[in-house]
Structure formats: structure tokens, C-alpha cells
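Student: Residues per chain are reported as follows:
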Amino acid sequence: MFSMRTLKTSEAASLLNVSPNTLRAWERRFGYPKPQRSAGRHRLYTHGEVAALRDALQQGLSISSAVSRAREALSTDTHTLVGALAGFELDRADSAMESALALRSLERSVEEVMLPALDELWERYGIDSAPWAVVARWADGWLRRAQRLAPPPVRPHAIFVGDATRNERDPDALALRAFELFCGRSGARVVALPIAGVSGIADVVGSLSPDAVVIAGSHLPDDDVALWAYRVRAASGPLPVALFRRAHHGTAVRTTGTRVLLDGPFRAQRQLLALVDGGDGRRRHDVAALSAFGYEVDRHEAHA
Amino acid sequence: MRRLRALRPVEVDDRGLELVSFCGHCALAPVGRQPSRVCGHCGLGLVLRAASDIAPRDGEPFLVIDATLSVCAVSAGAEELLGMDETQAVNQHIADFLVPADANAPSSDNLLALLVAAASGGGEPRTAVVRPRTEFGVRFRVRIGPCGPPHAALLVLSA
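As they're listed, the protein sequences go chains A and B. Using my numbering, read the first sequence as starting at 1 and increasing by one per residue. Using my numbering, read the second sequence as starting at 1 and increasing by one per residue.
Derived by calculation from the structure, the hints in this document are not laboratory data. Don't be surprised by glycine CBs; every beta carbon is placed ideally from N, CA and C. Fair warning: there could be bad hints in the mix.
[To be verified] Examples of chain A residues toward chain B, derived with CB under 7 Å:
| id | residue |
| --- | --- |
| 1 | Ser38 |
| 2 | His42 |
| 3 | Ser64 |
[What the hints assert, rightly or not] A few chain A residues that don't get close to chain B, going by computed Cβ distances all over 12 Å:
| id | residue |
| --- | --- |
| 4 | Ala25 |
| 5 | Lys34 |
| 6 | Arg69 |
| 7 | Glu72 |
| 8 | Thr76 |
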């Protein structure tokens with residue numbers, strides 16, 4: 001379901017009939033084709049992007065116009081998905097995602113095709129509308145299905161997510177679902193629980209032994225979040241805390257030591273893994289982290 | 001023994017003028033027969049062809065415009081001269097950057113009409129006077145003629 005053909009720099013250059021240096025120069029000047037990185041930090045180009053550019057170059061008058069045309073060809077997936085979801089044709093929406101996956105990684109398919117389509121639709125319909133409920137349910141189901149197909153955790157890291165979103169129709173909830181999916185696919189164990197439920201949280205935290213805590217969503221007020229964070233800290237000790245898609249509520253909350261992750265789930269996942277992997281890969285205890293929600297952390301206690 | 005220079009086929013346009021190849025970014029002529037349309041010198045432009053009396057000479061700055069009057073390519077020289085970036089300019093209307101500056105030109109010589117005619121692949125090379133849209137007192141004489149492939153108008157600026 002989630003296969004994508006990738007090309008090494010030399011293969012992509014050969015397909016485009018240019019040198020690898022030219023391909024890297026295009027990446028700097030035009031930002032396209034945009035490679036991913038392999039585990040060894042080598043560039044990996046998606047075949048779809050390179051093929052689209054090759055076709056565009058045949059018809060183009062400049063590299064810029066060919067890049068623009070290739071991007072346009074790729075963006076049709078978003079338009080197709082919007083059209084399918086707006087017409088409640090969920091099978092066609094699945095097909096649009098399949099097409100997107102043929103050209104991009106799952107992460108980029110979600111971030112560049114699905115989430116922009118969802119943004120357009122929730123702005124069009126409104127969060128409490130029936131059409132948006134259909135769309136949100138489809139997206140939630142798709143992301144859960146992808147999550148079930150993710151490989152089992154291989155990293156030694158566990159991430160505990162406090163879900164402060166409103167419900168499954170909340171656009172932040174869908175972004176959080178994508179964030180969980182990406183973390184899971186990177187090999188980390190992820191457990192997400194609603195912030196509203198705090199009883200018995202010590203048992204969960206004790207068994208998970210998380211390396212980082214993420215608080216996601218803006219729906220719940222800071223007081224609820226602070227209570228939840230206090231309970232987590234009481235069970236686990238100080239941990240790095242990161243905020244994902246959490247807007248300020250205007251109350252006097254200290255955020256020193258708390259990372260604010262980028263809004264895009266993929267970039268947020270990479271930021272978080274960098275935070276957790278930090279230094280020699282051992283678990284980092286961020287002393288100031290939990291003071292973010294108004295609870296003083298005793299530095300001596302944290303170092304003990 | 002004296003060696004005769006090898007004969008080479010020359011492509012000509014409708015007027016019998018030689019068609020010359022040049023890079024749409026650095027304006028240099030391609031070396032030999034290259035397998036790709038991408039310029040072997042800079043790697044940042046595609047190789048285009050135009051009649052020798054229109055093609056840029058000695059690094060003259062130029063723009064390439066299609067039949068919808070959208071900018072398709074901006075040479076490195078034109079980027080510098082007009083303070084524009086090709087990646088930003090592509091797909092924008094030419095009138096966003098250059099406007100006619102010859103008030104006495106008859107309407108048939110209207111800049112946009114000349115560009116459309118050239119981009120359609122026809123028309124004699126013409127000259128016009130233009131200025132940057134946001135600047136007064138700076139005027140350029142331009143040569144306009146067809147180039148490609150695909151069909152487009154070449155607008156070569158000279159001081």
C-alpha cells in the first residue's frame with residue numbers, strides 16, 4: 001500500500017540526462033527536486049518528481065518553468081483529493097492518496113497532499129459541519145490504517161502524548177494523528193492519551209517510561225494541561241516537554257525550557273526525535289521543562 | 001597536407017538566416033552536440049535556438065516570453081540588470097516587469113502585439129523601446145523575434 005520508488009543522485013541525474021552536480025545546483029536554486037535523506041544521509045529522489053521534471057523539461061523554455069510545470073503536475077493530487085472529498089466519494093479519495101503515494105513518501109503524501117486538502121475543506125465547511133465530519137472521519141480512518149501498517153518500534157525511545165484537542169473533527173487532532181504516525185514509522189513507541197483523564201496516569205507512565213512528553217492541541221485550557229503535566233512529572237520525574245499545535249491561551253504560563261514544535265507533523269517529528277536523540281542518545285532530563293505549566297522544578301532534585 | 005574544414009549542416013529560418021543555439025540562462029552556445037537540452041556550461045538553463053540576427057550577442061541580457069505573455073526564462077544578465085529573480089518572475093505577465101516606453105510608436109508596433117506575434121513563431125524581428133515598470137528615465141532598446149523550441153518570443157535588451 002505504501003510503496004514508493006526512490007532514486008539515488010546518480011540514477012536521478014542519469015534519468016534527467018544531467019550531471020549530479022547540476023541536480024544539486026537545481027536543489028539549491030529551485031528547491032526541486034527535493035530529495036529525502038537515507039539513513040546514511042545520502043540524497044534519495046522520488047521517481048515521480050524526477051519523472052515529472054523530465055517530462056516538463058521536454059516542453060519547457062527554462063528550468064524554472066519546467067520546475068513550475070512539474071510542481072503543478074504533482075499538485076493535481078491535492079486538487080483530486082479535495083474534489084473527491086467534497087463530493088463524498090471516499091473511494092476516489094483513497095485512490096487519490098494511492099496516486100500521491102506512488103510519487104512521494106508517506107510522510108510527504110500526508111503533509112503535502114492530505115493535510116493541505118483537509119485545511120481547504122475545513123475552512124470551506126467549518127468545523128461543526130456535517131461535510132467536515134465526513135471528511136475528518138475519512139482522514140482519521142486513513143491515518144489509523146496507515147498507523148497499523150507501520151513497522152514495530154525499533155528505537156529505544158518512547159513518547160508520551162497528551163492530547164488536548166477537541167475531538168476527532170478538530171484539525172489539530174488530525175495533525176496529531178499524522179504526527180503519531182510519523183513518530184511510529186521512525187521506530188519510536190508512541191502512546192497518546194487525552195489530557196482530560198488523569199486518574200491512573202502514573203501506571204501508564206510507569207510502564208511506558210517515556211523519553212519525552214508532547215502536549216498537542218489547543219482546545220483544553222492551560223489549567224487542565226498543567227494538572228496533567230504535574231501528574232506525569234510526579235510519575236516519571238523531569239522530562240523534555242514539547243508543544244505541538246498548542247496556541248497560547250493568554251494566561252501567565254512559563255514556557256522556559258519547553259520546545260515549541262513546528263506545525264507540520266513531519267518537521268515536528270524530526271524536531272522531537274532530535275530532542276530525544278540529543279547528545280549521546282541517552283535520555284535527557286530537561287530540568288526546566290515542566291516548569292512550563294507553572295510548577296517549580298527543584299534543580300537539585302532533577303540532578304539527583 | 002592542408003586539411004579542409006569539415007562541412008557542417010546549418011539550420012536556417014524562413015528568411016534563410018542561420019539558427020544559433022544559446023543557453024536560456026548564461027547565453028553561451030552549447031559545445032558540440034550535447035545529449036541534453038540542459039546547458040552544459042551552467043546547468044541552470046535550457047538550450048534555445050533563434051535566428052542569428054535576434055539571438056543574444058556578447059552576453060546581452062534577455063527574456064523569453066510565451067504566447068500568453070508570461071515570462072518563461074530570464075537570463076542571468078537580465079536578472080542582474082532588472083533586479084529580478086527568474087524563479088520569482090516565471091509565469092508572471094511581462095507587463096509586471098517591462099512596459100513600452102516609446103510614446104510615438106504606432107499601435108501596430110505595440111510591445112505586447114509584437115511579443116504575441118513572435119511567440120506564435122512568425123513575424124519579422126522588430127525593435128521597440130521599453131522601460132522597467134517601476135522605473136522612469138531608464139530605457140532599453142529591445143530586439144524581439146521568435147525562439148524555441150517550443151515557440152516563444154525572445155526579447156533581447158540593449159542599452
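Student: If a hint holds in the structure, say so; if it does not, say that too.
Tutor: Verification of the hints:
no.: 1; hint: Ser38; in the structure: violated (24 Å)
no.: 2; hint: His42; in the structure: violated (21 Å)
no.: 3; hint: Ser64; in the structure: holds (4 Å)
no.: 4; hint: Ala25; in the structure: violated (5 Å)
no.: 5; hint: Lys34; in the structure: holds (14 Å)
no.: 6; hint: Arg69; in the structure: violated (9 Å)
no.: 7; hint: Glu72; in the structure: violated (10 Å)
no.: 8; hint: Thr76; in the structure: holds (17 Å)
Violated hints for the displayed structure, listed by number in ascending order: 1, 2, 4, 6, 7.
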